[in-house]
Structure formats: structure tokens, C-alpha cells
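**Student:** Given next are the chains, with one letter for each unit.
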Amino acid sequence: MILLQLFWSFIQIGLFSFGGGYAALPLIQEQVVNVHGWLTVQEFADVVTISQMTPGPIALNAASFVGTRISGIPGALVATLGNVLPSLLIVLVLAWFYFKYRSLRVMQGVLYGLRPAVVALIASAGLSILFLALFGSQAFPSSTSTVSWFAVILFVLGFIVVRIKKTNPILIILSGGVVTVVLHIAGIAL
Amino acid sequence: MTTQNSLPNGTSRAKLFWTLFKTTFTLSAFTVGGGYVIVPLMRKSFVDKLSWIEENEMLDLIAIAQSAPGPIAVNTSILVGYKIAGVAGALVTLLGTILPPLIILTLLSFIYNAIKDNRIVQALFFGMSIGVAVVILDAVVTMARTVLKTRKVLPVIIMVLAFIATYALKLNIIIIILSCAAIGILAVLVATHNESKKTFRGDAG
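Residue numbers (this note's numbering), protein chains in the order written: chain A, 61 to 250; chain B, 249 to 453.
Hint data in this document are derived by calculation from the structure and do not stem from the laboratory.
We treat Cβ as the ideally placed atom computed from N, Cα and C, and that holds for glycine.
Fair warning: there could be bad hints in the mix.
Away from chain B, derived, C-beta distances all over 12 Å, residues of chain A [stated by the list, open to error]:
#1 Gln65
#2 Phe67
#3 Leu149
#4 Ile150
#5 Val170
#6 Ala193
#7 Thr206
#8 Val216
Reference listing, derived: stretches of chain A covered by chain B, where coverage requires no fewer than 3 residues with Cβ under 8 Å from a Cβ of chain B [claimed, not checked]:
#9 107-119
#10 172-186
#11 217-230
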């Protein structure tokens with residue numbers, strides 16, 4: 061039964077993630093964390109980190125990882141197939157139309173409305189990951205007692221570097237990991 | 249649906265499928281960074297190296313891949329396979345693209361269970377998650393600037409409302425996406441009707 065739910069969840073994720081891997085993240089979070097409670101927010105943040113670090117399309121990485129976590133290898137297969145099934149059908153229909161008509165007015169309209177919305181959705185997913193790291197919760201904290209000032213400093217530094225230098229994302233992510241591991245081994249509480 | 253063009257010269261069907269599979273499998277297995285990195289490399293393979301697709305047609309295929317839902321690398325590989333060898337070709341390239349993540353991430357997922365309680369691994373993931381937040385919010389700033397640069401009111405309004413709807417009001421994302429798509433279609437229809445195509449073409453190209 062859980063395989064069926066997993067399949068249906070990832071069909072919805074595949075069907076509504078316009079704009080690639082990042083756009084799929086908020087949808088995966090909604091289905092996997094909020095609707096079904098298959099993963100905690102912490103585990104979801106780990107999924108995002110691992111999906112970014114490994115080769116291949118991010119959405120597929122997340123689907124395989126989440127699927128395996130929830131229901132083993134059958135789970136990974138079901139989540140991956142569910143994720144690509146809408147793409148396969150829609151893209152083949154679009155390809156057929158393209159080679160026949162080569163201009164898609166309605167599709168341009170869909171894109172026109174979705175581009176700005178997708179930015180907002182990704183911003184929201186990014187903020188929940190950020191707040192989890194900085195404050196230990198998804199929302200802005202009511203007091204400063206739970207704030208990890210180390211994380212705040214690391215984030216601000218990283219953000220400045222990436223905006224100015226256009227550094228490779230993988231390098232940024234790895235640097236964050238290396239700095240915290242070194243501090244941990246040095247015995248400095250985070 | 250039939251193949252869109254004849255097979256590339258002197259290539260047997262089995263060899264063609266094998267090349268399609270090998271190319272997409274390799275790209276998916278070794279390219280870190282997702283669709284926006286894989287797609288340019290796919291263009292390099294199929295346009296520059298194999299000469300199976302013309303430059304302009306490849307750009308159209310990428311635009312279609314971006315306008316359809318789902319991972320862009322998956323969509324592009326389906327389109328490339330379909331263009332070269334019809335529906336069977338599309339299935340072959342799809343398989344080539346989804347197999348590597350399936351294998352790699354399934355293995356990692358099992359390892360994750362064993363290592364996630366390790367203190368050093370936790371410190372590593374904590375630091376990397378800050379890096380991920382940096383990368384995602386950097387992408388958001390870049391994308392938001394593209395929306396603001398259009399100097400059109402409607403996209404900015406859509407962006408702000410969509411953010412409030414998802415972050416503050418916690419509305420269902422699918423409802424937000426469908427509403428914004430409907431607004432977009434309506435805007436295009438109105439623009440077409442008024443024949444003020446300039447205003448639309450400027451930011452939908």
C-alpha cells in the first residue's frame with residue numbers, strides 16, 4: 061500500500077515540478093515531510109545535501125534516496141518511475157506537436173505565469189533548509205537561545221563568496237562540511 | 249508516432265540504441281550538478297560530436313524540455329531519443345538517464361542508515377546543509393533578479409503572492425502552480441487579443 065502511495069506522490073511531484081531539480085524540492089518536501097511524514101525535516105535536509113553532491117539529475121537522486129529510505133529497492137524503483145512517468149507522456153506529446161506545429165502559444169502562457177511562481181517556491185524551500193541549520197527549526201525563532209551563531213557566520217560568509225566569485229556549488233557545499241568537521245574535531249561546540 | 253528522420257548514415261539499429269544508451273548513461277553517471285550541467289553536455293555529444301541533431305533543433309528541444317514538467321535532463325534525453333529513433337529511442341535514453349541515480353542513490357541510502365548517527369558525519373552534513381542553503385538562495389537571488397529585470401508588474405506580483413501563499417499561508421503547492429499557470433495563459437490570451445505582442449514577447453522568449 062505504501063508503494064502505491066509513494067508512486068502517486070512522485071507522479072504528482074513529476075507532474076508539477078516545472079523548472080528542473082530545484083523546483084522539485086519544495087514538492088518533494090510537501091509530499092514526503094508534510095503530507096505523509098515519511099521523513100523528518102532533518103532527514104529531508106540530508107536528502108537535499110546528498111542529491112546535490114551526487115551525479116545525475118537532482119530530482120531523480122532525491123526520488124531514489126527517499127524511495128529506498130521508505131521502502132527499500134522496490135521503493136526506489138517506484139519513486140523513480142513515478143517521477144519520470146508524467147515527463148515521458150507529456151514530453152512525447154509535446155515533441156509530436158512540436159514536429160507538427162513548432163509553436164505552442166498556451167505553453168508559453170504557462171511558462172509566463174510559472175517562472176516567477178517557481179522562484180517563490182524555491183525561495184521558500186531554501187529558507188526552511190537555512191532556518192533549520194541556523195535555528196534548529198523551520199521557522200524564525202522567538203528567542204535567540206537556539207541560534208547557532210557559527211552557522212549564521214558561515215552562511216553569511218558563504219553567501220558573500222558565492223555572489224562575488226560565482227564559486228562552483230559543489231565547492232561551496234564541501235567547504236561548509238569541511239569547516240564544521242574541523243571545528244568538531246577541534247572540540248568547538250557548534 | 250514514427251521516427252522523425254531516417255537513421256544516421258550507416259548505423260545499424262542495435263548500434264544506434266547502444267550509442268544512445270551509452271551516451272545518456274555516462275552523462276547521468278558522471279555529471280554532478282543536475283540538469284543545467286547535463287543538458288549542455290548532451291548538446292555537445294549529440295550536436296558537436298555525433299552530429300545527429302542540428303544546433304537550432306537542439307535549442308528548440310531544450311526549450312520544450314524546460315517548458316514541460318519534470319527533471320530537465322530527463323525531458324531532454326527523452327526528446328533527443330525520440331528525435332533520433334522514435335518512441336523506442338526515447339525509452340532507451342530515458343533508461344540510460346534514470347539508471348545511474350537509481351543505482352548510486354539506493355546504495356547511498358543503505359549506507360546513510362549506518363552512518364547518520366556518527367557525530368563527525370552529523371557535523372559534515374550540518375556544514376554541508378549550510379552550503380546547500382547558500383547555493384539554493386544564490387540561485388533564488390539570480391532568478392528573482394531575472395524576474396525583476398523584465399520590468400513587468402504581473403510577474404513581480406505573481407512572485408510575491410506565490411511566496412506569501414507558500415511560506416506564510418502554507419497553501420498547497422499544486423494549487424499555487426495551477427493558479428499561476430492559469431494567470432499566465434490568461435495574460436497571454438489577453439496580450440494576443442490586444443495584439444500588443446511586444447509586451448509579452450519581451451519576457452516569455
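**Student:** Next, verify each hint and record whether it holds.
**Tutor:** Hints, one by one, checked against the model:
1. The non-interface label for Gln65 of chain A is consistent with chain B: the shortest C-beta to C-beta separation is roughly 16 Å, beyond 12 Å.
2. The Cβ of Phe67 of chain A lies farther than 12 Å from every Cβ of chain B, with a closest approach of about 15 Å, so its non-interface assignment holds.
3. Against the 12 Å criterion, Leu149 of chain A falls within the reach of chain B, whose nearest CB is about 10 Å from its own CB.
4. Its beta-carbon lying about 5 Å from the closest one in chain B, Ile150 of chain A breaks the requirement of being farther than 12 Å from that chain.
5. Not every C-beta of chain B lies more than 12 Å from that of Val170 of chain A, the closest at about 5 Å, which undercuts listing it as non-interface.
6. Ala193 of chain A, annotated as away from the interface, has a beta carbon of chain B within 12 Å; the closest lies near 5 Å.
7. For Thr206 of chain A, the requirement that its beta carbon stay farther than 12 Å from each beta carbon of chain B is met, with the minimum near 14 Å.
8. Once the 12 Å rule is applied to beta carbons, Val216 of chain A is inconsistent with being away from chain B; the minimum gap is 9 Å.
9. Counting residues of the segment 107-119 of chain A whose CB lies closer than 8 Å to any CB of chain B gives 12, so the stated coverage by that chain holds, three being the minimum.
10. For the segment 172-186 of chain A, the assignment as covered by chain B holds, since 15 residues bring a beta-carbon within under 8 Å of that chain's beta-carbons and 3 suffice.
11. Proximity of the segment 217-230 of chain A to chain B, defined as three or more residues with a beta carbon under 8 Å from a beta carbon of that chain, is established by the 6 residues found.
Consistency note: the structure conflicts with the earlier hints numbered 3, 4, 5, 6 and 8.
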